[in-house]
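Protein chains: 2
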Amino acid sequence: MSKLLAVGTVAFDAIETPFGKTAKILGGSGTFVGLAASQFGVETGVVSVVGGDFPQSYLEMMNAKGVDTTGIEIIKEGKTFFWSGKYHNDMNSRDTLITELNVLEHFSPVVPEAFKAAEIVMLGNLHPLTQASVLDQMAVTPKLTVLDTMNFWMDIALDDLHDVLKRVDVITINDEEARQLSGEYSLVNAAKKIHKMGPKYVVIKKGEHGALLFNEGKMFYAPALPLAEVFDPTGAGDTFAGGFCGYLAKTEDVSFNNMKNAIIYGSNLASFCVEKFGTSRMESLTSDEVKNRLQAFKELTQFDIEIS
Amino acid sequence: MSKLLAVGTVAFDAIETPFGKTAKILGGSGTFVGLAASQFGVETGVVSVVGGDFPQSYLEMMNAKGVDTTGIEIIKEGKTFFWSGKYHNDMNSRDTLITELNVLEHFSPVVPEAFKAAEIVMLGNLHPLTQASVLDQMAVTPKLTVLDTMNFWMDIALDDLHDVLKRVDVITINDEEARQLSGEYSLVNAAKKIHKMGPKYVVIKKGEHGALLFNEGKMFYAPALPLAEVFDPTGAGDTFAGGFCGYLAKTEDVSFNNMKNAIIYGSNLASFCVEKFGTSRMESLTSDEVKNRLQAFKELTQFDIEIS
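Residue numbers (numbering that gives the first Met the number 0), protein chains in the order written: chain G, 0 to 307; chain R, 0 to 307.
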């Protein structure tokens, strides 16, 4: 069992969807990655920062799930990062209503000693220089480094992004971001160009349309499980990434073939995440539920044509 | 080996894509369905209508592929249906530049005697009353009737569409049309409602995002093969449907499990169709090419998680 280090946000979210509206609830990429990875019993350390307003009970919930929170710095006089958004009826697009960076503005991640040799590192969607500073702190080169990013960093810090991309193995981005980063419309061609920037593996997240994994000519596709209702998509992408990294950490096998399984696990966990607001579904999720839904993924995708 | 009866258009297309522009070339849903089904050596009869301007050589090409064209009425004094369209850079949206119905305006399909007992019937995208008139002519109830339709018929002939839907087993529509027909945004819920209208099987085509097959609670998903270049999407949906029907006709097995394979075959053939303008790629396609790409579909989708 490998250790997983996950750097990302731990935050308050306030979410409005056609199904309802929340007060400030627990959110953040680091939170969702940690909760997803905890499904595999992997030792996961989350590195982040929160303010004095962050409830101790949230940290305790994460600890109870097996998430190590010693890397979550608490700035007593500061306020926790806060994001508020409203989803449109199609659940695929949303408006950001509020973004208060607060303590995140001067976030300088410090990797705890216990995770400086983590075999798998997940660099959440942060400034590329912040992501690079995490790699600088590692005592040994990780077996696998996964980086998440977004169009915002391509717009304001492209050179820094290119620098850190040279140091990572896997990039996870959505289809529009892959097109922006590569200048290619075709995702096949986009992946080719992104390989040349560094990452040998390119994971393209397409939301309800699933996810594609590219590895220098090889491809794998995992659908999103079609659901009767998507209640709240917040955190689905991070849960996907956490499931991906968590499975690889558990199995200690970072081959392309095993990444196929990891992508399926990521999609599987993400399909639960969207069933309730915020982290609540991931908090209550059991391993039996995960297993049953894996069977649904098999039935959804597996066929038996004999090629004669 | 079952017989396949395919009713649809046989037409001239003039297509513009970012890759180039064609003069009037061979097109039409019946044409693409027939060419796709011919890959399986299935006896396929196409029922359609063309004008005196339709080249004999096109009919001969279809005959050479094993497509029976005795059901294609030739109205000497009339002109062949003509469609012209221009695709946008994303290849997912297009503008129709010209639609000349011509002989199609008064099309009254006549099913040839040799196909009145065809086991599989594919009702192409035509007026629902025209589709119904084909079923009225069948000497025996087909083993499987597949119907394709579009938003246009939902707008102007919804009652007629509902009437014919009661008589078919499979409907193929795209995601937006499924939403329009059912009034449900979620495709899972849309399929449930459409089942109640008649079709036990609902195939939802999502273009570059693949296709979903629903059968009263059961689901199967086939991705579109990610391609470096989509040259011309015209006919891809009809080729998909022709591959689906052709495979079912060849294997004489219309179970849900075999429909999974049929969906994969449909996606496989459609991935070739888009590589060149019009029918040209389907005309040159060999069975070895189809087999090789089936292997690519397996690698793209198959994984081996043991559920313990």
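Derived from the structure by calculation, the hints contain no laboratory data.
One or more of the hints may lead you astray.
Claimed, not checked - The list that follows gives simulated cross-link-like pairs (lysine to aspartate or glutamate, EDC-like), each with its CA atoms no further than 20 Å apart:
#1 217(R) / 52(G)
#2 199(G) / 252(G)
#3 297(R) / 305(G)
#4 297(R) / 215(G)
#5 217(G) / 175(R)
#6 205(R) / 175(G)
#7 217(R) / 174(G)
#8 290(R) / 89(G)
#9 249(R) / 305(G)
#10 191(R) / 228(G)
#11 205(G) / 175(R)
#12 191(G) / 228(R)
#13 205(G) / 228(R)
#14 249(G) / 303(R)
#15 191(G) / 89(R)
#16 192(G) / 89(R)
#17 75(G) / 89(G)
#18 142(G) / 215(G)
#19 191(R) / 298(G)
#20 217(G) / 174(G)
#21 290(G) / 303(R)
#22 191(R) / 174(G)
#23 297(R) / 89(G)
What the hints assert, rightly or not - Listed next, with one range per pair, are the computed distances between beta-carbon atoms:
#24 155(R) / 285(G): 47 to 55 Å
#25 294(G) / 157(R): 35 to 43 Å
#26 291(G) / 142(R): 56 to 64 Å
#27 98(R) / 159(G): 30 to 38 Å
Beta carbons: idealized from backbone N, C-alpha and C, even for Gly.
Comparing the hints with the structure gives:
no., hint, result
1, 217(R) / 52(G), "violated (47 Å)"
2, 199(G) / 252(G), "holds (15 Å)"
3, 297(R) / 305(G), "holds (10 Å)"
4, 297(R) / 215(G), "holds (18 Å)"
5, 217(G) / 175(R), "violated (31 Å)"
6, 205(R) / 175(G), "holds (18 Å)"
7, 217(R) / 174(G), "violated (28 Å)"
8, 290(R) / 89(G), "violated (38 Å)"
9, 249(R) / 305(G), "holds (14 Å)"
10, 191(R) / 228(G), "holds (13 Å)"
11, 205(G) / 175(R), "holds (18 Å)"
12, 191(G) / 228(R), "holds (13 Å)"
13, 205(G) / 228(R), "holds (19 Å)"
14, 249(G) / 303(R), "holds (16 Å)"
15, 191(G) / 89(R), "holds (19 Å)"
16, 192(G) / 89(R), "holds (19 Å)"
17, 75(G) / 89(G), "violated (39 Å)"
18, 142(G) / 215(G), "holds (19 Å)"
19, 191(R) / 298(G), "holds (18 Å)"
20, 217(G) / 174(G), "holds (18 Å)"
21, 290(G) / 303(R), "holds (14 Å)"
22, 191(R) / 174(G), "violated (30 Å)"
23, 297(R) / 89(G), "violated (31 Å)"
24, 155(R) / 285(G): 47 to 55 Å, "holds (51 Å)"
25, 294(G) / 157(R): 35 to 43 Å, "holds (38 Å)"
26, 291(G) / 142(R): 56 to 64 Å, "violated (34 Å)"
27, 98(R) / 159(G): 30 to 38 Å, "violated (52 Å)"
The structure does not agree with the numbered hints 1, 5, 7, 8, 17, 22, 23, 26 and 27 stated previously, though it agrees with the rest.
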